[in-house]
Amino acid sequence: MPEPFREEDPGPIVRPYTLTGGRTRTDAEEAFDLVSLIETTADPVLPTMDLGPEHLKIRDICARPLSVAEVASDLDLPVDVVRVLLGDLLGHHLIRSRRAAAGSQVPDDRLLKEVIDGLNEL
Numbered sequence: 001m002p003e004p005f006r007e008e009d010p011g012p013i014v015r016p017y018t019l020t021g022g023r024t025r026t027d028a029e030e031a032f033d034l035v036s037l038i039e040t041t042a043d044p045v046l047p048t049m050d051l052g053p054e055h056l057k058i059r060d061i062c063a064r065p066l067s068v069a070e071v072a073s074d075l076d077l078p079v080d081v082v083r084v085l086l087g088d089l090l091g092h093h094l095i096r097s098r099r100a101a102a103g104s105q106v107p108d109d110r111l112l113k114e115v116i117d118g119l120n121e122l
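The numbers in the sequence shown follow our numbering, run straight up by one, and end at 122.
Source of the hints: derived by calculation from the structure; they are not laboratory data.
Any given hint could turn out to be false.
[As the list claims (entries may be wrong)] Listed next, the in silico EDC-like pairs over lysine to aspartate or glutamate satisfying Cα-Cα at most 16 Å (straight line):
1. LYS57 - GLU39
2. LYS57 - ASP74
3. LYS57 - GLU70
4. LYS57 - ASP33
Build out the structure end to end from the sequences listed, making use of the hints.
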């Protein structure tokens with residue numbers, strides 16, 4: 001009889017709702033769209049709250065700014081779960097969130113026309 005396929009190291013098997021304590025939303029949810037940039041704050045003092053390994057991993061990987069989508073990908077967790085974890089960290093001032101550059105910061109039409117004219121002259 002063939003032996004069933006087994007992954008060598010399946011890792012911890014934890015349901016996403018246990019990572020968030022059953023929570024599905026955070027008070028700061030509007031601060032975390034997919035392209036919002038998350039960065040660890042410089043404060044090295046961790047609060048007395050119980051930080052799970054996912055919280056600590058977020059703090060580690062966000063030493064350089066990452067988008068919410070990148071954080072979810074790095075943790076291999078659903079975005080909604082990551083938003084709840086980010087809300088915990090934001091509430092304790094362990095991360096900061098900033099919106100990505102707005103689309104209104106594109107060059108004006110005059111500048112674009114000058115670039116196109118310059119390229120056409122080449």
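Taking the hints in turn, this is what the structure says about them:
With a C-alpha separation of about 12 Å, the suggested pair LYS57 and GLU39 falls inside the 16 Å cut-off, and the hint holds. Annotation: proposed proximity of LYS57 to ASP74 holds, straight-line Cα distance about 9 Å (limit 16 Å). Under the criterion of a C-alpha separation no larger than 16 Å, the hint pairing LYS57 with GLU70 is consistent with the structure, at around 13 Å. Restraint check for LYS57 and ASP33: not satisfied, since their Cα atoms lie roughly 20 Å apart, outside the 16 Å limit.
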